[in-house]
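A.B. asks: Protein sequences, first through last, are from chains W and Z. Here the first sequence is numbered in our numbering, starting from 1 and rising by one per residue. Here the second sequence is numbered in our numbering, starting from 1 and rising by one per residue.
Calculated from the structure, these hints are not laboratory results. Among the hints, a few may not be true.
[Stated by the list, open to error] A few chain W residues that face chain Z, going by a derived Cβ cut-off under 8 Å, partial list only:
| id | residue |
| --- | --- |
| 1 | Thr125 |
| 2 | Ile142 |
| 3 | Lys145 |
| 4 | Gly146 |
| 5 | Asn270 |
Here the structure is a predicted model, which means the values were calculated and not measured. Quick reminder that beta carbons are idealized off the backbone N, C-alpha and C, glycines included.
One-letter residues, chain by chain:
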Amino acid sequence: MSSNVQSKSLWRHAFEQLCKDKLALTSLIIVAVYAVVAILVACGVLASDWEKSVGPSYNPPSLEHPFGLDIFGMSVWAKTLKGTEVAMSVGLVTSLISITIGVTLGALAGYFGGKIDEGIVWFYTTFTSIPYIMLVVAIAFILGKGLMTVYLALGLTSWVSLCRLIRGEVMRHKDREYVQAAGAIGGGDMRKLFIHILPNVLHIVIINFSLSFQTAIKSEVILSYLGLGVQGRPSWGIMIDDAKLELARGVWWQLAAATLAMLIVVLAFNILGDALRDALDPKLKGK
Amino acid sequence: MNIYAYIFRRLLYVIPVILGVCAIIFLIFNVVAPDPALIILGKHATAEQVVEIRQQLGLNKPMLSQYFDIVRSAFTFDFGRSWSTKQEISEMIKAGAVPSATLSFPAFFISTILGISISLLVAFYRGSMFDKVTVVGCVTLMSVSSLAYILFGQWFFAYKLGWFEISGYDYGFPYFIPYILLPAIIWVMLSVGPDVRFYRTIMLDEIYQDYIRTARAKGLSERVILFKHVLKNAMIPIITYVVIQIPFLILGALLLESFFSIPGLGSITLNAINSSDFPVIRAMTVLSAVAYIIFSVITDVLYTLVDPRVRLS
Chain W
1 MSSNVQSKSL WRHAFEQLCK DKLALTSLII VAVYAVVAIL VACGVLASDW
51 EKSVGPSYNP PSLEHPFGLD IFGMSVWAKT LKGTEVAMSV GLVTSLISIT
101 IGVTLGALAG YFGGKIDEGI VWFYTTFTSI PYIMLVVAIA FILGKGLMTV
151 YLALGLTSWV SLCRLIRGEV MRHKDREYVQ AAGAIGGGDM RKLFIHILPN
201 VLHIVIINFS LSFQTAIKSE VILSYLGLGV QGRPSWGIMI DDAKLELARG
251 VWWQLAAATL AMLIVVLAFN ILGDALRDAL DPKLKGK
Chain Z
1 MNIYAYIFRR LLYVIPVILG VCAIIFLIFN VVAPDPALII LGKHATAEQV
51 VEIRQQLGLN KPMLSQYFDI VRSAFTFDFG RSWSTKQEIS EMIKAGAVPS
101 ATLSFPAFFI STILGISISL LVAFYRGSMF DKVTVVGCVT LMSVSSLAYI
151 LFGQWFFAYK LGWFEISGYD YGFPYFIPYI LLPAIIWVML SVGPDVRFYR
201 TIMLDEIYQD YIRTARAKGL SERVILFKHV LKNAMIPIIT YVVIQIPFLI
251 LGALLLESFF SIPGLGSITL NAINSSDFPV IRAMTVLSAV AYIIFSVITD
301 VLYTLVDPRV RLS
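Put together the whole structure using the sequences plus the hints.
C.D. replies: If you want it as structure tokens, here you go:
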């Protein structure tokens, strides 16, 4: 099948380009390391003893505990690792929720047009008119506090930009010859849309994924500050929020550890997102 | 379709969007949110108390009339009274607007000018080391949590070094200036990264157009090309981007205002969130949504007036 060969070459081309770009490759490795850490923490291999007090309260960074200790004498390093699990899971689940909604609505609007399109466009215009933070807070009000709230609040509010992009791209594709050909051999609407058109707009989803992942990690901090975030376990947001009382006493290591952990992975996702866009967006080829 | 018909239709479209926004707000606060009577009275309320407070808050009105109250407030800006301070919400908004504006407008103005200037420089030296370092620098700035900027700035520059006021606010020019300096600097740090990236993309989009090649071919200098041709054409997306950000200034910077104790709309909103003060949260949501809708109409209309390539459909 010709479309298959072509799409493979796009991905291979993108992969080769990504490997040539040292910065992007480093970012990919960093993201992979964070993912592995998150999985190991989730399995209880790493940082399972984060709750244990290992020394005096607010002990500054030392050789034994490179990021120091917090108010209860817990190792900030272990808390940072534990926070990685929260951050990565928030990034992943949030992105999956927003991709599911964004791609489905965008594809339906773009493909069917007419009243369906008008309805979906009205819905997301309405939705974006409400400030993001208000929606997040409102959802948190309804669901109560906790990790599930973070997932849903961030996921349900971050699909609009992807939906817009997919809608535009599907519109551009739906009258192309390959779609007509698929129709001519008897393919129905759903088959044309999901089997033929969607693989051709997949690059948008991938680029968007790396961006929404890091936005979610950053938003988790804000939710924690508002007291709506995860409860009863450390996250980078809670660590940064704790720092607002600690800094006046000169305790800077908890803020530093969480900020640094977040900076590295968010930076990696940003660079990766840019590199993916350069590699996958055919419009940018040759520039 | 002529342009007036288009503008008229665009204005008409505001109505379903406002109705939709009010429907979402209504659904959230009046239908699915936990019962406000219980939030106010706590878990140990008696049935009579609940009935009484529901009466006071207007929660026993029919659903449809509660919905129309919200729609009406979007046009009259009469939002009722706050549950926690008992103040008239429209008065609270008037009082909060000034501190918010004194922080957000200067900060927004400076960061926009700075963003455009840096992106012009970067576009001029595109592909060079300077370009790459700036782009990576912007991404790094964007990757730090906004809360970390605020906490570190307040602790280090205001508390440790004593360069700025730690928090607080004073009304009237020029008394507010010392209080907004540090929050404004943090604002600029937060927005310059995304701004430069956005403006740079726009500039580069223009630079690769055919008419720029023509300009270069007829011997114009890079500087003339950049300022006379690129900047002029890039102005359309730039203005759109700037105008659409203005409604977000209304809520100010929630976190900045709250950390620096600036009694603006952002602080009011955060306090309302913390005390489950539904009428205030609802009012702020309606207010910013209406502002967003108005400004997106302005952007669309501006776009069609300025850019003849935009097809009216």
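A.B. asks: It remains to establish, for every hint, whether it holds in the given structure.
C.D. replies: Going down the list of hints, with the structure as the test:
1. Satisfaction of the interface hint for Thr125 (chain W) is found here, the shortest Cβ-Cβ separation to chain Z being roughly 5 Å, below the 8 Å cut-off.
2. The beta carbon of Ile142 (chain W) comes within 5 Å of a beta carbon in chain Z, closer than 8 Å, and the hint placing it at the interface holds.
3. Annotation: interface hint on Lys145 (chain W) violated; nearest CB of chain Z at approximately 12 Å, more than 8 Å.
4. Given hint, Gly146 (chain W) at the interface with chain Z, is violated; its Cβ is 15 Å from that chain's nearest Cβ, farther than 8 Å.
5. For Asn270 (chain W), the shortest C-beta to C-beta distance to chain Z is roughly 5 Å, which falls under 8 Å, so the interface hint holds.
Taken one by one, the earlier hints fail for this structure at numbers 3 and 4, listed in ascending order.
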